[in-house]
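Novice: Those protein sequence lines, which keep their order, are chains A and B.
Positions 1 to 166 (the numbering used here) are the ones given, in order, by the first sequence.
Positions 167 to 297 (the numbering used here) are the ones given, in order, by the second sequence.
Hints are computed from structural coordinates only; laboratory data are not their basis.
As the structure is a prediction and not an experimental result, all values here were calculated from the model.
No residue lacks a Cβ here, since even glycine has one placed at the ideal position from N, Cα and C.
Among the clues, some could well be false.
[As the list claims (entries may be wrong)] 27 Å max Cα-Cα, derived DSSO-like pairs, lysine-lysine: (1) A:Lys117 with B:Lys237; (2) B:Lys293 with B:Lys243; (3) B:Lys261 with A:Lys146; (4) A:Lys146 with B:Lys243; (5) B:Lys251 with A:Lys112; (6) A:Lys142 with A:Lys116; (7) A:Lys112 with B:Lys261; (8) B:Lys253 with A:Lys116; (9) B:Lys293 with A:Lys117; (10) B:Lys261 with B:Lys248; (11) A:Lys142 with A:Lys99; (12) A:Lys105 with A:Lys146; (13) B:Lys251 with B:Lys261; (14) A:Lys142 with A:Lys112; (15) A:Lys99 with A:Lys117; (16) B:Lys297 with A:Lys116; (17) A:Lys146 with A:Lys112; (18) B:Lys234 with A:Lys112; (19) B:Lys293 with B:Lys277; (20) B:Lys293 with B:Lys234; (21) A:Lys101 with A:Lys142; (22) B:Lys248 with B:Lys293; (23) B:Lys251 with B:Lys293; (24) B:Lys234 with B:Lys253; (25) B:Lys261 with A:Lys142; (26) A:Lys117 with A:Lys164; (27) B:Lys248 with B:Lys277; (28) A:Lys164 with A:Lys112.
[Claimed, not checked] For the chain B half of the interface with chain A, some residues (derived, Cβ under 10 Å), not all of them: (29) Asn204; (30) Ile205; (31) Lys261; (32) Glu264.
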Amino acid sequence: MKLENKGQASAEYLLLAGVLIVILMLSIVFIASQNELTMAMAAARNGVNDGSMYASSAIYPSDTYNEYSRANYEVLIPSSVEIINVSYVNMGYDSNFEKEKIQFKVYAHTSKDLSKKELDSIGDRINYNLRKSLAVTFETTKATNKLYNPVFSNHYIFTTANVKWV
Amino acid sequence: MDNQGFISVEFLFSLFIILIVAAGLLVYSQNTINSTLNIESDLNHRLILDNVANTINQVDSQGEFYSKYLKLPVTDKNYVLKLEKNKLTIEYENKKGEMIVPFIDPYSTYKMYPGHIYEIEKTHEGKILIK
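Extracted from the complex, chain B is given alone in its bound form (with noise of 0.2 Å):
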C-alpha cells in the first residue's frame, strides 16, 4: 500500500457486487414489512373486536343491572365497532370483520369509537345498554 488514501480497486468491486446485491432485496423487504404491518393492524383490530365481544357477553350472562366500563383502545386506523343484534362489526380503511354475540338483545344499533369510554349494562329487561 502507498498509504496515499485511495481505496483499493478490489474494494470498490466487492462495494458494487454489495450494492446490487442490496438494491434486489430492497424491494423484497419493503413488500415483507408492508405485509408483515398489514397482518398486525389485522390481528390487532379482531383482538379489539374479541375483547369487546367478550366484555358484552360477560355482561350479558350476569343479573340484572350489572354493568362493566370498557374503554376502546386508540389505534393508528380510525375504527369503529357497530353493535346489532346478535352482531358485533368492527368497520375501518374499507376493511371489515364481525363475530357473533348469541343471545345478546341492545335496545337499538350502537356504534362506538376509539378512546371513549363506555358503560355496558344489562337493564331490568334482560336487554344491553350501551352508554
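For reference, chain A alone in the conformation it holds in the complex (with noise of 0.2 Å):
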C-alpha cells in the first residue's frame, strides 16, 4: 500500500483509533476512580509523614505547647515515631453521603515509652494530618470541618480509625 504522503492517516487507523477512544470512554470511570485511590493513598502517606515528624522535631503549635507544658509531657522532648504502614479498608457504600466509604488505618511503633495520653495525642495529630493532606490535595477544606473529619474526594469519603501501636 502506498500512501499518498498528504498527510492524512489511514482509514484503518481512525477505525483502531475509534474503537479505542469508545473503550477508554466505557472505562474512564473507572480510571477515574482508582486513580483518585492512588492519589488519596500517596496523600495519606505524606500526611503521615508529616504528622510523625512533629514528634521528632517537638516544636508544636503555640496552644498545644502549653497544653503539654501544663499535664508534663514527655512529647516535648523529641521522640523518633515509626511509620510501619498506612492501609484502607473499603467500608462500603455510604447512604448519606452517596458515596464509597474509605477508612484508613495507621500502624506506627515508637521506643520510647509513652504513656497512652501521650501516645494518643501523637495519633490524633498523625490521622489529623493525614486528613488534611487528602483534603488539600482533592481540594475540598471548604467542604469539610475544622478537623478535616470526614474528608471528600469525587468519589470517595475517607475516614481515619486510630492509630495502632506496635
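Please dock the two separately framed chains into a single complex, following the hints provided.
Specialist: The structure is reproduced here in C-alpha cells:
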C-alpha cells in the first residue's frame, strides 16, 4: 500500500483510534476512581509523614505546647516515631453522602515509653495531618470541618481509624 | 506529512493527556513541597534550640568565669529564644518548642534574637549570665 504523503491517517487507523476512544470512554469512570484512590494513598502517606515528624522536632503550635507543658508531657522532648504501615479498608457504600467510604489505618511504632494519653495525642496528630493532606490534595478543604473529618473526594469519603501502636 | 507546519492530531491528543495528568499532580506536588518546607523549618529551629542548649550546658560544666560567644543564625522566621530556670524555649510564628537544661541557674529570664552575638558566662556564684 502506498501512502499518498498528504498527512492523512489511513481509514484503518481511524477505525482503530475510534474503537480505542470508545473503550477509553467506557473505562474512564473506573480509571478515574482508581486514580483517585492512588492519589489518596499517596496524599495519606505524605500527611502521615508530616504528622509523625512533629514528634521528631517536638515543635508544636503554641496552644498545644502550653497544654503539653501543663500536663508535663514527655512528647516535648523529641522522640522518633516510626511508621510501619498505612493501609485502607473499603467500608462500602455510604448512603448519607452517596459515596464509597474509605477508612485509613496507620500502624506506628515508638521506641520511647510514652503514656497512653501521649500516644493518643501523637496518633491524633498523625491522623489529622493525614486527613488534612487528603483535603488539600482533593481541594475539598471548604467542604469539610475544622478537623477535616470526614474528607471528601469526587468518588469517596475518607475517615481514619485510631493509630495502632505496635 | 505534507510539510505545512501543522502538528498532527496524535500529538495534540497526547499533549492533552499529559496536561490532564499534570494538572492532577500539580496540587499534590504543591502539597508535598509545602509540607517538606514546613518540616525543614521545624527541624532547623529544633537544631538551633539544641545547639544553644548544648552551649549553655557546656559553659555550665566548666569552671567559674568561663565564657563562650554564640552567634544566633538568621532564618526566614523571626524566632525568640528564651532561657528560664532549667528550660530553654524557642518560639516563632505561633509555634513553640522546648529543651530542658537541667541544673542551669540563670540570673533572670533571658531573651535571645536571631543575628545577635551573645556571651554566655558562668559567674563566680555559679550562675549563668548572658550578655
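Novice: Take the hints in turn and mark each one as holding or not.
Specialist: Hints, one by one, checked against the model:
no., hint, in the structure
1, A:Lys117 with B:Lys237, "violated, 38 Å"
2, B:Lys293 with B:Lys243, "violated, 31 Å"
3, B:Lys261 with A:Lys146, "holds, 19 Å"
4, A:Lys146 with B:Lys243, "holds, 26 Å"
5, B:Lys251 with A:Lys112, "holds, 26 Å"
6, A:Lys142 with A:Lys116, "violated, 33 Å"
7, A:Lys112 with B:Lys261, "holds, 24 Å"
8, B:Lys253 with A:Lys116, "holds, 25 Å"
9, B:Lys293 with A:Lys117, "violated, 37 Å"
10, B:Lys261 with B:Lys248, "holds, 13 Å"
11, A:Lys142 with A:Lys99, "holds, 18 Å"
12, A:Lys105 with A:Lys146, "holds, 20 Å"
13, B:Lys251 with B:Lys261, "holds, 21 Å"
14, A:Lys142 with A:Lys112, "violated, 37 Å"
15, A:Lys99 with A:Lys117, "violated, 34 Å"
16, B:Lys297 with A:Lys116, "violated, 43 Å"
17, A:Lys146 with A:Lys112, "violated, 31 Å"
18, B:Lys234 with A:Lys112, "violated, 34 Å"
19, B:Lys293 with B:Lys277, "holds, 16 Å"
20, B:Lys293 with B:Lys234, "holds, 14 Å"
21, A:Lys101 with A:Lys142, "holds, 19 Å"
22, B:Lys248 with B:Lys293, "holds, 16 Å"
23, B:Lys251 with B:Lys293, "holds, 11 Å"
24, B:Lys234 with B:Lys253, "holds, 19 Å"
25, B:Lys261 with A:Lys142, "holds, 25 Å"
26, A:Lys117 with A:Lys164, "holds, 14 Å"
27, B:Lys248 with B:Lys277, "holds, 5 Å"
28, A:Lys164 with A:Lys112, "holds, 15 Å"
29, Asn204, "holds, 7 Å"
30, Ile205, "holds, 5 Å"
31, Lys261, "holds, 5 Å"
32, Glu264, "holds, 5 Å"
Violated hints for the displayed structure, listed by number in ascending order: 1, 2, 6, 9, 14, 15, 16, 17, 18.
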